Amino acid sequence: MLGRIWAIALNTFREAARIRVLYGILVLVVAANVLALVVGQMSVHEEERVARDIGLAGISLFGSLTAIFLGILLLYTEVQRRTIHAIVSKPIERWEFVVGKYLGMALVLTVLVGLFGLAMTGMLAWQGGGMTVAVGKAIVLSWMEVLVVAAIAIFFSSFSTPFLSGIFALGIWVLGRVTPDIQNATKSASASIGAIANVALRIIPDVHVYAVSGRTLDGKFTSIHGEFVAWSYVGLAGLHGLGWIVGLLAFAAVLFHRRDFA
Amino acid sequence: MARHVAELAIEVIDLQKTYRTPFRRKKVEALRGVSFTVERGQIFGFVGPNGAGKTTTIRTLMGLIRPTGGSAKLLGHAIPSRAARFRVGFLPEAPYFYDYLKIDELLDLAGRLFGVPGAERKRRADALIERVGLDRARGQSLKKFSKGMLQRAGLAQALMNDPELVVLDEPMSGLDPIGRKEVRDLILELRDQGKTVFFSTHILSDVEAITDQVAIIARGQLTAQGATKPRRIGGELTVTLPADADVDAWLARARDLGGRVVVVAPRHETLEDLFMRQIASADDSAAAPEGRT
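Line by line, the protein sequences give chains A and B. Everything in the first sequence is counted per our numbering, starting at 632 for the first residue and increasing by one. Everything in the second sequence is counted per our numbering, starting at 70 for the first residue and increasing by one.
Next comes chain B alone, as it looks inside the complex (with noise of 0.2 Å):
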């Protein structure tokens, strides 16, 4: 059945894209007939190799680029839509800002054409860079940020209009395991305020890590769309337990309380974990005061 137009927050229909080379007038199809839709309330990742048609997909989307077939909608507006972009936060791949701004100066202009009034851009823009961690940045021109905190602040500016639906393309592209975690709870994070958050990588480890659901594009041609994992149904529960826990005490409290165990699996440390544990005791024992070992 089809879903009720209200429940998407993309529809995209036999969307298509061919461009012409250069000189030779070659062409090159970079969209073949893609379909797909996003509900209300999801992450959804856009998975493909390099090339696949990800970016032009999501660039077709923002009104970066005209379709030369088929349609989309954002928010129910069909594109290109200024009503729909006031609604939707956007990411470039590999974002390039100006880069003789500071960080509040670059949400301050992203504010401005959302349409902020002006205190309440103040204040937005603040919550933000402490949110992405840029508070110790706020001194320094755009000029100066690594890599990993260009991305942040281009996260920080796709959120200053408070959006419905977040559209990030390849955001943990270029962060290190740190950068990527703190922008995965950033997602998650999202989608538990009722936002849509849709990215795009290649990345399948942060797919599977976040997504409800998935498309893959290869070849600017859909190959699949689907759910990453099966659905939260009312009442489930996952409980993580420390390493010393009573495992069996507390799966007897569990039935004693007319729960019912569906899965007790054992969890093995992951070597993000290894690394974000390696990387606090560092953290740690810089802060430690001198001569303490």
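Just chain A, same shape as in the assembly (with noise of 0.2 Å):
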């Protein structure tokens, strides 16, 4: 079992390293980070602020959108281009498909957070400044986020068109983003509104968990640039994510092993 899902893992890893997109992002995340060079020089002795902010939202930005990219596109092509059908008419469950083909991505997307990371560390050497620890775990959490946007992707995918499920994870990836924000709106709505708003609030993944820095958790302000949260959370962040990423998988497994390859 583990040596299919790794095939399939490894397979679209080559694949996705082939997507020249990729790198066109990966410059995109260099000239967002010279880009907070040139804006930090603008502000008042802020250099190191600014870069922190601009290079952590590129990466969180940037991230996101590329796991959206790969996720609705590379499980598509497989059915589109028909090389799915030398694959499961193999012995290889299609839940071990779905897996694998993530697996590939999440390595893909890893290393591209790696590199983003690398690109706003030597971004704030050229500061002056340097790595911190709570920009640390700030990189480890959006690659975090990543990796749950990767899966809502795949999930989507699994059943509808490129162009329907980019929309639907852009959507969920948003909505996910300030589900807080629309938690506090309907405090002040009627209490239907907002039990519905709960509801739908619910099966959203809250991917607000991993963008902290600038929010109140527990009556404290967290920031990058103060008291940031404690590896506690993260890893408690961390392990909320792979709930999703099982759980959306496992949606995206059932779709998927009841599709016919025509």
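There may be inaccurate statements among the hints.
Examples of chain B residues toward chain A, derived with CB under 7 Å [what the hints assert, rightly or not]:
(1) Ile82
(2) Arg154
(3) Phe155
(4) Phe159
(5) Pro161
(6) Tyr165
(7) Tyr169
(8) Arg181
(9) Val283
No lab work stands behind these hints, which were simulated from the structure alone. Everything numeric in this text was worked out from a predicted model, so none of it was measured. We treat Cβ as the ideally placed atom computed from N, Cα and C, and that holds for glycine.
Two chains, two frames, some hints: make the complex.
Shown next, in the form of structure tokens:
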């Protein structure tokens, strides 16, 4: 079982590594970091602060967009180009195929986030600052967010077209990011609207737990420039993300299992 | 008398597949109660015009499509069966593979999915690459392969598990006469190794040339099934003589040895024979040293 999943994951990694758009995204991340340097120069003694904020936002934004792009593309093209015919006709379960695809994608995204992190570290060093523990934790949280977003994209891709999957995944990611704001907004609404919003928000992966800088957690303001979350929070967020990933992949596998490859 | 299950490589009973078209939800009956059996060790031709249901039947057998009715067994296992797929090799119609892979990478992937151990995987891949004549194309990615080369790569990946049953969907499609002959020879070789070969085609001459059994499908229904030629009886021998042979002397010698001559028939050169001879001659000329005529 592990051998088959690994074979699919390795092949997916090879496939994704040949997508030139990814190299374009890498260039964009480097450009974002250069932009951070320029914007930092325009601020009043806030160069490092601006560099950290823009660098982390770049990792989260470009990482998540890449996860959506890969998630909706790689599974769909297998079916569209019929390469899947020669694969699922071999002794591999369809859930193994879905998990293998996801792991291959996760591997690519991990490498990308690593490169994004390196670019940010370089930019911080240029500023005369350096990597702090808080920034390190924030990058790890962004990486987890990216992996959850990839699972969301795979889930939609298991039954929908790339266009619709992209719209759905993007929508869910944005909603998941602003869940606390929506909850606050519905507090003043009627009880029925509040209840509906509450149920709706429960089925949306709450990716906001990975973007905590600038938010108040348990009555305490959290920031990468000051007091940030503890490693225990990062660990719990990881488990939380793992739960979502397993759940989303399980649903994707069930839906994929029922599909005909005509 | 019903054949014993163990003798059957494929058993299909009243297989049905109904689709609904997108948007209009119109019902399309792709398979309307298809039933047939394939004995082990046979070459079985599955014949029908385009759109008859050949590929739908094969994809259903291979677990790519779920039937809406009926049942089928591969090597005694009800479909979809992972246990059966370990022992079956499959070449899809107009195969598409990951075009960034090289032939040995494709075979390595296939071997991994079949659970073939590392050293054995390499050995089998090398042997198959040579067998299907892709040795010279090792350095190229599949993207640069011609249709015929892709078909041969597809055959190689289907044989990575040394299967008992080989299912080929239109294996001669898109091949030139040389390629078609090579595939036919490979199919015969597989049968001689004791494997069962089930292949679909709409080229009747291919079916006639190599199959033991044939089934004809049209509009999702089987219209006929039977032997394509009389079974070989023990001791029967076919002798092909060269053009200048003394036929009378050969017949007398056969009778002296106690044999009985069933039939003597002149063999005319087929267009394929002529084509193969011309190509071989052209190859010889190309290979000849300069200055030689």
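Hints, one by one, checked against the model:
1. Ile82: violated, 20 Å
2. Arg154: Check passed: Cβ of B/Arg154 comes within 4 Å of chain A, closer than 7 Å.
3. Phe155: holds, 5 Å
4. Phe159: B/Phe159 check passes; min Cβ-Cβ to chain A is 4 Å, inside 7 Å.
5. Pro161: holds, 4 Å
6. Tyr165: OK, holds: B/Tyr165 within 7 Å of chain A, min 5 Å.
7. Tyr169: holds, 5 Å
8. Arg181: At 4 Å from the nearest chain A Cβ, B/Arg181 passes the 7 Å test, so the hint holds.
9. Val283: violated, 23 Å
Hints 1, 9 from the earlier list are contradicted by this structure; the remaining hints agree with it.
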